[in-house]
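Let the sequences and hints guide you as you build the complete structure.
Mapping of the sequence shown onto our numbering: position 101 corresponds to residue 101, and the numbering continues sequentially without gaps.
Worth flagging that the hints you see were computed from the coordinates, not collected in a lab.
Owing to the predicted nature of the structure, the values given are computational and were not obtained by experimental measurement.
Hints should not be assumed to be uniformly reliable.
Said to hold, decoys possible - Using 27 Å as the maximum straight-line C-alpha spacing, the simulated DSSO-like pairs for lysine-lysine come out as follows:
id, residue 1, residue 2
1, Lys477, Lys385
2, Lys237, Lys218
3, Lys273, Lys300
4, Lys127, Lys200
5, Lys62, Lys197
6, Lys66, Lys221
7, Lys167, Lys385
8, Lys197, Lys167
9, Lys218, Lys243
10, Lys62, Lys127
11, Lys477, Lys454
12, Lys65, Lys243
13, Lys167, Lys357
14, Lys65, Lys167
15, Lys62, Lys385
16, Lys454, Lys167
17, Lys127, Lys293
18, Lys144, Lys62
19, Lys65, Lys127
20, Lys237, Lys477
21, Lys48, Lys37
22, Lys62, Lys200
23, Lys221, Lys300
24, Lys197, Lys127
25, Lys296, Lys237
26, Lys144, Lys197
27, Lys310, Lys357
28, Lys127, Lys296
29, Lys144, Lys218
30, Lys273, Lys65
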Amino acid sequence: MKIWVWMAVLGIGVWARTLTIVGTGDLQGTMNPIRQKVDLNGDGIREKALLGGIARLATIYKEVKKENPDTLVLSSGDDLMGRYFLTFHGRAIFTLMSAAGYDYSAFGNHEFDQGPAVLAAALDAAKFGVICSDLNLTEAFRGKTRPWVIREIAGTQVGIFSLMTEKLGRMSSPGPVHLNASNVQTARAMVRMLREKGAKVVIALTHIGYQKDLEVAKQVKGIDLIFGGHSHIYLRKMGRIGKTAIVNGGELGPLAVRVDLPLDRQGRVLARKVTMRYIPVDGHVTADPSVEKVRKTFEKRFPPEVILGKSLTSWDLRRETLRRGESGVVDMINDLLRRQFDVDVVFNNGGAFGGDKVYPAGPLSDRMLHEVNPYRNTACLMRLKGRRIRQIMEHSAALYGTGGWLQVSGIRVRIDRSKPKQQLAGERVVRRGERVVTIDVSNGRDWVPLDDDKSYRVLTNDFLAFRMGDGYYWFRKYGQGLSNTYTTYDSVMSNILHRTGLLSPPAPDGRITILR
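Structure (structure tokens):
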């Protein structure tokens, strides 16, 4: 088994024992190896290969535990997604994670995508410890989770607690389940309590995102390791705030994250000796045969497609519709996003959506939703001044007929294509453009003119926000508080179907008017 070290050991010395942490974050139901493009050896080159898979992870965990019996296998959440989740409602994934050797996991927001009752029932299949420190759970969870744990291992007492994203209610379907304190408040209380109970090592198993992990580490002393999730990243260098080491579990499982924490003779972490390594979950790793056998028993029971609900109207996703006018389907999706994330304006480019056909009214399946959202677009949030929104709409008007043409929610726009169009030179407007005649914004009751000086809450996809796709540089350059929720558009639609069973696009309502 290859182990590529992406961070050198800081300093040298002698210590009593080493506690090893290995695991993943945001597996998103990826139980099978899938083709991914990932930097496998830290050389900056992303290699495309068949990566991940729960049976391969099981082999890695066994080998790491054989090398160092003082090892804990962790998951930072968002494991319940995809076909295994839609078909078996969490039981298959938790069964496979148990067989693979996970010791503890925390909830991510997607664990609640089918509601708390489904999650509580699925926990019967989890033979590992599930830690939930900061949620007011329903009675159905009684006896199935722990608010914290202290484990004797490596000759010391290791305390573990969890943190959930404070945006849980906007990102999933938790029903009455909600956070009982802020992330910082929970962390302070947990660290104090675990230390008082004798924990010499404290680990935070978090699903709040790397930037929030950094904030917690800055404000809360006494955490030795934050094993995080929700950011879907593999850090090129381990984070460090004071004596707190910070790692992120990545996404989809192409790499296992290993952290070695050397201990002194009193069982405390030698903070400057902590190292992080990534273990490629590639073809060099043999799938564990017993885990693979269990996985295949579930896979054989997959239906050709999972029916999630139905539509009373057709879904017109032809390129012509998406790129030369207003799309009723994307109106519906944008309106769902605007309500779920409580924003003023939503922008999505027509090229973000797939299918290029008319889907007839009738059953809606998981395969269809993936075809609608083929690039796994995720919702990104920020604030933008009205003048930037006006420039963005001028850019859209200049891209009429291309994948950069914007579909919107929360605004009503009139466009005259006979007028001069905007021109850019890199990240600079060299000709303002005059195609946007008017822009009105909904205030919840009426339509009012866009205010150039007002700050609006805006949502767009990660392609436009972070990669400046189709030349839309305004989001990344001017977006205040720009953040990625990592909530995919198909999961938003799937959640609605789970709750209501119905998702029917309306006819276009005139929010985009092309004069000529």
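Taking 27 Å as the top limit, are the C-alpha atoms of Lys218 and Lys243 close enough? It holds: about 10 Å lies between the C-alpha atoms, which stays within 27 Å.
Is Lys221 within 27 Å of Lys300, Cα to Cα? The given pair, whose Cα atoms are some 49 Å apart, is violated under the 27 Å limit.
Restraint status (C-alpha distance of Lys273 to Lys300 at most 27 Å): Distance of about 46 Å is beyond 27 Å: violated.
Going straight from one Cα to the other, do Lys62 and Lys197 come out at no more than 27 Å? violated, 31 Å
Would the hint linking Lys197 and Lys167 be met if the CA-CA limit is 27 Å? Violated, at about 30 Å.
Quickly compare the C-alpha distance for Lys273 and Lys65 to 27 Å and report which way the hint goes. Status holds; Cα separation ~20 Å.
Are the Cα atoms of Lys48 and Lys37 separated by 27 Å or less? holds, 4 Å
27 Å limit on alpha-carbon distance, applied to hinted pair Lys310 and Lys357: Roughly 17 Å separates the two Cα atoms, so the pair holds.
27 Å limit on alpha-carbon distance, applied to hinted pair Lys237 and Lys218: holds, 18 Å
Given hint Lys127 paired with Lys65 - CA-CA distance at most 27 Å: Holds - the C-alpha atoms of Lys127 and Lys65 are around 18 Å apart, at most 27 Å.
For the pair supplied as a hint, Lys62 and Lys385, is the alpha-carbon distance within the 27 Å limit? violated, 53 Å
Does the alpha-carbon distance linking Lys144 and Lys62 stay inside the 27 Å limit? holds, 25 Å
Consistency with the previously given hints fails for numbers 3, 5, 6, 8, 13, 14, 15, 23, 25, 29, ordered from lowest to highest.
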